[in-house]
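Here are the chains, one letter per residue:
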Amino acid sequence: MAGTSSRSAVTTAGGTGNGAPGRGRTTGRNGKQGPPPPPGRFRRALSTHWYAWTMIAPVVTVITVIIGWPLVRGVYLTFTNANEANVERRIGVNTIEATYEFVGLENYLSVLGGAQFWDRLTWTVVWTVSCVAITFTIGLVLANMLNRRVRGRAIYRMALILPWAIPAFVSIFAWRMLFNERNGILNAALEGGGLSAMTWLTDPFWAKVSVIAVNVWLGVPFMLIAMLGALQSIPAEQYEAAEMDGANAWQRFWNITLPGVRSVSSTVVLLSCIWTFNMFPVIFLLTGGGPAGSTDILVTEAFKLAFQRSPRDFAESATWGVLILLLLVAFALAYRRVLRKQGEVW
Amino acid sequence: MDTRDTRNTTGDTGTAPARDADGVPPTGGDAAPAVTAATGTPAPGGAAGAGTPPADGRARRVRRRGERGPLASFGLHAGLLVAAFIALFPPFWLLVTSFKPRQETFSLTLFAGFTWENYDHVINNTAFLTWFGNSVFIVTLTTVLGVFISSTTGYALSRFRFPGMRSLMWTLLLTQMFPMAVLIVPLYNLMARYGLLNQPVGLIVTYLTIAVPFCAWMMKGFFDSIPVAIDESGRVDGLSPFGTFWRLILPLAKPGLAVTAFYSFVTGWAEVAYATAFMTGERNLTLAGGLQTFVNQHTQDWHYMTAAAVLIAVPAALVFGYAQRHLQAGLTAGATKA
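For the protein sequence lines, the chains are A and B, in the order given. For the first sequence, position 310 (counting from the first letter as 1) is numbered 569 according to our numbering, and the numbering increases by one without interruption. For the second sequence, position 232 (counting from the first letter as 1) is numbered 907 according to our numbering, and the numbering increases by one without interruption.
Note that these hints are calculated values from the structure, not bench results. It is possible that some hints are incorrect.
Only pairs whose alpha carbons sit at most 25 Å apart, straight line, appear in this in silico SDA-like list of lysine to any residue [stated by the list, open to error]: (1) A/Lys563 x B/Met852; (2) A/Lys563 x B/Val970; (3) A/Lys563 x A/Asn342; (4) B/Lys929 x A/Ser492; (5) A/Lys563 x A/Val468; (6) A/Lys563 x A/Val385; (7) A/Lys563 x B/Thr968; (8) A/Lys467 x B/Gln967; (9) A/Lys467 x B/Phe764; (10) A/Lys563 x B/Ser908; (11) A/Lys563 x B/Gly956; (12) A/Lys467 x B/Phe781; (13) A/Lys563 x B/Thr942; (14) A/Lys563 x B/His973; (15) A/Lys467 x B/Val970; (16) A/Lys467 x B/Gln975.
Input sequences plus hints: build the corresponding full structure.
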């Protein structure tokens, strides 16, 4: 970065993207003015940053209107007893005013006090952990296999990412057909192999196994591509050096490959955890939460409360939604703290 | 290659051909047959190999870097084949089933009474084409708007340091984590209040809540990969910040824009929850809702479902196949530069 050009960019653009943040700006400010904030600070900031602010204006506006406002309303609904019968609604040209009332923390108390939320939370955690762990392991193994010289590599790669290319709801219906209890091909194969047929989607335990299997099937391609990218970014010299020192295949895997894919995997695992935690279509379309709600995760249960139960309980559903969001934020912060403690920059 | 082969044929004669014949395809550089017992692990180079000569005293052939024994090769191909089979089978079975008549839907043979009747029915006697049109319209508009709205923000986040930047970054990250469960109820109530339920506009607005934060975040990553020197030279030559963005950086970022657009398109195309809750009535459904009408509590039209599923999956897979070359670059640009 040439000094002059960076300086000129700094004073007008309020800092450049590359390099240490803030460094450029302080020099720019010091050139004109002392460090303590001068009077008319806002105007100065405006003249320095007006186009940065103009550029972000569309997104800030959109987010405020279509995310911020509903979020505030959603939080407000959790303190009311809103349901199908008392929210504002339109029948023809008539609008019926909302009649729900403020009830304070009642919703939270009833949700957190009941067993249902904790049951669903336990299963959601089991579901998330097992899905992400299995998907990650399979993805990493397959990426390692594909990262070698192997004949037909391009074809294997195409085949392995195909599940990603097909919209998830389509694949889920395909799986529902395979899992079909009386006629599905999986049971036919089991019986052909001398085993007894499974009640895949109607037994609580096997339904759980089924939804996890389908979610793993859907998730592996993303993991595979991400891990392949990570593996290819590991310099080959490290492997050469390790071989010179007599490291065997396992030692190379543990000491070079795993640390090499760490920064990518920490991001990818965090993303997968959040996605799996919120994975609506797999559960909703494969089992519909059944049998008897045993495969419902938190988000499908919240959806059911608002849109499938009668009467629709908007307030309780919103309460579940807010609690889910709080759980996710807490998880992300904890995850970030752990990474930071281990010296990971994220 | 030559020296290796000679050494091989002179060093041991009896066992090598027998090993070759055990069905392992001789692949490229891996073709050299291994004779030692340690076929599972690639030999770790000279130092370690030389220390442990095989017990029978024959000359041990040292494998080169990255070479595998036939057993390892076999295992590799077997593993990949099994994985590929599992990945391909469900879509393949869907395709095969879509050509079977109703009574043969669950038959185990590949071709049982080949017929186009399912496709004919789905296209001509259901609202499938309307659903398709709805989906295309809603998702395309969401994608275009999402990319359009968020591109300048991605640029500003990538290039400038300004007050409010950190909080904006956090907001973008946080909103991407939003479960649909937290917004669906208030959005539903707001849509109901403004008469936007069952309107494409309502679903577009809803999808923008997902697309905008995502696109902005993703594009920040892409702009980060374009050297700042280009901006600087533009500024030196007298372009305004907007001019720099519009005339220099945006053309360079086209591949990034394409990948971002592709991702938000795929996300919208496969969205189920909002579409199910907000769109009712046969003519308002999107594909995700439409497919559910074939198989539910009341109907079990698996044969029609498979035909519709194929019609939904094929265009999506084609677009995906076209775009997937860029996926890896897009992932690393978006994911690791967070």
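Outcome of the hint check:
Restraint check for A/Lys563 and B/Met852: the C-alpha separation of about 21 Å stays at or below 25 Å, so the hint holds. Pair hint A/Lys563 plus B/Val970 holds up; C-alpha atoms about 19 Å apart against a cutoff of 25 Å. Of the supplied pair hints, the one linking A/Lys563 and A/Asn342 holds, its CA atoms being roughly 13 Å apart against a limit of 25 Å. A C-alpha spacing of about 24 Å is found between B/Lys929 and A/Ser492, which places the hinted pair at or below 25 Å, so the restraint holds.
For a cut-off of 25 Å, the pair hint linking A/Lys563 to A/Val468 stands: about 22 Å separates their Cα positions. Proximity of A/Lys563 to A/Val385 is assessed by CA-CA distance (about 21 Å); at most 25 Å being required, the pair is judged to hold. At roughly 18 Å between alpha-carbon atoms, A/Lys563 and B/Thr968 fall within 25 Å of each other, so this suggested pair holds. Pair hint A/Lys467 plus B/Gln967 holds up; C-alpha atoms about 21 Å apart against a cutoff of 25 Å.
For the given pair, A/Lys467 sits about 21 Å from B/Phe764 by alpha-carbon distance, which is consistent with the 25 Å threshold. This hinted pair does not check out: A/Lys563 and B/Ser908 have alpha carbons roughly 56 Å apart, beyond 25 Å. Between A/Lys563 and B/Gly956, the direct Cα distance comes to roughly 19 Å. Compliance with the 25 Å bound is thereby established for this hinted pair. In summary, the hint linking A/Lys467 to B/Phe781 is supported, as the alpha carbons are separated by about 24 Å, within the 25 Å threshold.
A threshold of 25 Å between alpha carbons decides the hint, and for A/Lys563 with B/Thr942 the separation of about 22 Å falls inside it, so the pair holds. Of the pairs offered as hints, the one joining A/Lys563 and B/His973 holds, with about 19 Å between alpha carbons and a cut-off of 25 Å not exceeded. Distance hint between A/Lys467 and B/Val970 is fulfilled; the C-alpha atoms sit about 21 Å from each other, no more than 25 Å. For the suggested pair A/Lys467 and B/Gln975, the alpha carbons sit about 23 Å apart, so the restraint of at most 25 Å is met.
Of the numbered hints listed earlier, the single one contradicted by the structure is hint 10.
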